[in-house]
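Asker: My request is simple: use the sequences and hints to build the entire structure.
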Amino acid sequence: MSQGALQKAHEDVHKTQPWNNPDAVPFIRFENVTKKFGDFYAVDDVSLDIYRHELFALLGGSGCGKTTLLRMLAGFEEPTAGKIFIDGVDMAGVPAYERPTNMMFQSYALFPHMTVEQNVAFGLHQDGLPKSEIRTLVSDMLALVQMTKFAKRKPHQLSGGQRQRVALARSLVKKPKVLLLDEPLGALDKKLREQTQFELVNIQEKVGTTFVMVTHDQEEAMTMASRIAVMNEGVIRQLGTPFELYEYPNSRFTANFLGQVNLIEGTLVDDDEKYAVIQSDDAGGEIYIDHAVQGHEGATLWIALRPERLRLLTEQPTDTKYNCLSGKVEEIGYLGGLSTYHVRLDSGFRIKVTEPNSSRHIEPRYTWEDRVWVTWEAGAASVLNQ
Amino acid sequence: MSSDKPTLKQRYDRLMLRHGRIIVIGLPYLWLMLFFLIPFLIVLKISFATAEYAQPPYSALFTWIDEGVNITINFGNYLFLLSDSLYISAYLNSIRIAAISTVITLLIGYPMAYGIARAQGSLRSVLLMMVILPFWTSFLIRVYAWIGILDREGLINALLLNLGIISEPLIMRQTEFAVYIGIVYTYLPFMILPLYSTLEKMDVSLIEAALDLGCKPWKAFIKVTLPLSMPGILAGSLLVFIPSVGEFVIPELLGGPNTLMIGRTLWNEFFANRDWPIASSVAIAMLLFLVVPIMWFQHIQTKQEENGQ
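Residue numbers (my numbering), protein chains in the order written: chain A, 1 to 386; chain B, 1 to 309.
A portion of the hints provided could be inaccurate.
Said to hold, decoys possible - Pulled a few chain B residues facing chain A out of the computed Cβ check, cut under 8 Å:
| # | residue |
| --- | --- |
| 1 | Leu-199 |
| 2 | Asp-203 |
| 3 | Ala-209 |
| 4 | Asp-212 |
| 5 | Gly-214 |
| 6 | Trp-218 |
Hints in this document: simulated from the structure, not taken from any laboratory.
We treat Cβ as the ideally placed atom computed from N, Cα and C, and that holds for glycine.
Answerer: Right, here's the structure in full:
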């Protein structure tokens, strides 16, 4: 590759992945932010940079501090310690009504005594815009979320999905620098949620606003977000793109939190520059890793194996003694698109394998109590030391 | 099953299944018929009679003459109410005092209800308890207590005289001021409780949403909290206004001789003048005055329920 092409590739990466550009200026910055409620640390010394035009997701279970972080950004809570900057401005002491943020509430918080139109216009009236301009902005926004037909309705006359659109319109119409979304799709049913996920991403691309959203739904975060911060007990456990988090979890916590995983405990017995071997009593065999592992020999490690990266064989492979665990099929779950198999290894450990059902007329290859061998490629496993 | 005869329990169940709804709705209506509608009709009947020195002290409405009924209706009492300025000014005065009291009660009750609704769990029940607590003492005793406080030789005057703030005792009792104190004090819980229940149900995130969209806190209150608590304001105001108009005990005990209210006028007609027909027509006229706001209140309530809020 020529020097120029390489340069161009770098620039592209820097544009689409500003977090990989050391010169990029973060748009939102949390600096050692802590929030205490009494003795409880809701957010514990969090530092985080979010860049312009990102769709950033804070992901975690209930009580992990994600909502508190969002509410501090909106100005509903003041941090106990630390600083928050939006577009370079320190937000300390700036009340919610003067911040360049708008929030889409989990309950939508639509004003029940106002029509859809009045709800959307509410924020614009506070800015004292001329009436004609408000009318144009509101109708444009209602068109964007496809709610023009319902402009004169009251919130209680709308379905859940329609309310969600109105809430989005109301928070977007003021063109905030940052749009905050608290569980934006939490109140919708599954089908509608999946459909709305993509719509929301499309709208975000259209308006170019920086979105920060809070969710407990990992699928939602993975589908929508440019980057995800996985939170637990007030701290960010891992930060990265959906791909990075799924393929390179840094801990058992994130590996478990995102998708399904088999976690196998083992001991490092051989560590070379090019490979590593881990002896696992859990699995009852030796596991071969195709890269070096940071750790001394004898250290306890965990292997994270995604069920879809495992294969089932009906006969024992003869070419290798590594990455090959024998067991019996204990449970079969037919999910249509794929099937999950729970295999009880000879060691007693239960391992989960999923295989796609890529053809319609296929005889099931294994049934209950069949002896099978579970194998995987050397690159499929991630090694975790915490 | 051995027997074909239904047991008592089965019979009862069948009865409740078939007629349960009628029984449940019917009983309170029966109660209202007996103790509200029939007395009302009696009073209505008396209001169309003329006063007599007799037992009972009014003329009969229906007289039997030769197998026929002779009905004598006397509208004179109502015409008399209109012709004598005493009654009209008593009505207007009652409405004025009730209206001013309602506004004062609202101004005091709203912040209290708001504070209670936003208080933490355990504190909230304590505060609510304190609002309800006065009901455990007789209303009459509480009004008498105010006499002791407001009297010429009462608590306030004694305190202020001893502190040297005033040299002459203040005249507080037997003034309209004392009537306002009495009404506001007595009816405050009726304002607070409905206000509390609407404010407590209100989603706090609505106010946050208003702030988020650029409202200063006071504006968020006017644009969101106030309109959404309107049902509570109306319910509370009517609960204070309606009984205040007909209030008798408070103006009698705390008010002066000049505090003209319709409740007192009514009492005078009945017990001092013993003119039952006039007294009855005063009562009926007052009822009609109040029926309009009551029906309005009902209308608002049903509308509110239909909106499902």
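Asker: Look at each hint and say if it fits the structure.
Answerer: A quick look at each hint next to the structure:
1. Leu-199: violated, 14 Å
2. Asp-203: holds, 6 Å
3. Ala-209: Given a least distance of 4 Å, the restraint on Ala-209 of chain B holds.
4. Asp-212: holds, 5 Å
5. Gly-214: Holds. Min distance 3 Å.
6. Trp-218: Result: violated, 11 Å to nearest chain A Cβ.
Consistency with the previously given hints fails for numbers 1 and 6, ordered from lowest to highest.
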